[in-house]
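> Sequence:
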Amino acid sequence: MPALVWSFRPDRTPRPRTAAEIPTTSDESRALAKELKRRGFAFVGPTTAFALMEAVGIVDTHLLDSHRRGTSGVWRPDGRPVHDV
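Every number in the working numbering is 763 more than the matching position in the sequence shown, counting from 1.
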């Protein structure tokens, strides 16, 4: 399951400057939700998939000036990945 979920990591993470700019879905979260449904999961949509992606570090939606930005070790503060997959 981890490999499946991480296979939907985007090339770049969002770079919100304000709370209003923090996304709740993405193309990748829509694709992940679709794949999970195909595999029999129910009650999972793109917003839930995006929340999962935030929780495990696949995307970093901390504000650009937040002290938490980039602390997951997955993303640099500028939105580029630390390591290519």
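No wet-lab data here; the hints were simulated from the structure. Check the hints yourself; a few may be wrong.
What follows is a set of in silico ranges between Cβ atoms, one per label pair, in the way DEER data are often shown [to be verified]:
#, residue 1, residue 2, range
1, 794, 828, 17 to 23 Å
2, 841, 803, 15 to 21 Å
3, 840, 818, 17 to 23 Å
4, 800, 834, 30 to 36 Å
5, 841, 787, 18 to 24 Å
6, 840, 805, 18 to 24 Å
7, 834, 814, 14 to 20 Å
8, 829, 805, 31 to 37 Å
9, 778, 801, 17 to 23 Å
10, 774, 811, 30 to 36 Å
11, 805, 828, 17 to 23 Å
12, 831, 800, 18 to 24 Å
13, 787, 767, 29 to 35 Å
We treat Cβ as the ideally placed atom computed from N, Cα and C, and that holds for glycine.
> Now tell me, hint by hint, if it's right for this structure.
Hint by hint, here is what the structure shows:
Take residue 794 and residue 828: their Cβ atoms lie about 30 Å apart, and the range 17 to 23 Å is violated. Between residue 841 and residue 803, the C-beta spacing of about 38 Å breaks the proposed range 15 to 21 Å. Under the hint 17 to 23 Å, the C-beta atoms of residue 840 and residue 818, about 19 Å apart, fit the expected range. The hinted window of 30 to 36 Å between residue 800 and residue 834 holds, with their beta carbons roughly 32 Å apart.
A hinted range of 18 to 24 Å holds for the C-beta pair residue 841 and residue 787, which are about 22 Å apart. For the hinted restraint 18 to 24 Å between residue 840 and residue 805, the CB-CB distance of approximately 37 Å leaves it violated. Hint check: residue 834 to residue 814, Cβ distance near 18 Å, so the stated range 14 to 20 Å holds. The supplied range of 31 to 37 Å is met by residue 829 and residue 805, whose beta-carbon atoms lie about 34 Å from each other.
Between residue 778 and residue 801, the C-beta spacing of about 31 Å breaks the proposed range 17 to 23 Å. Hint check: residue 774 to residue 811, Cβ distance near 22 Å, so the stated range 30 to 36 Å is violated. Checked against the hint of 17 to 23 Å, the pair residue 805 and residue 828 fails, with Cβ atoms roughly 39 Å apart. Residue 831 and residue 800 have their C-beta atoms about 31 Å apart, which leaves the hinted 18 to 24 Å range violated.
At roughly 21 Å, the beta carbons of residue 787 and residue 767 sit outside the given window of 29 to 35 Å.
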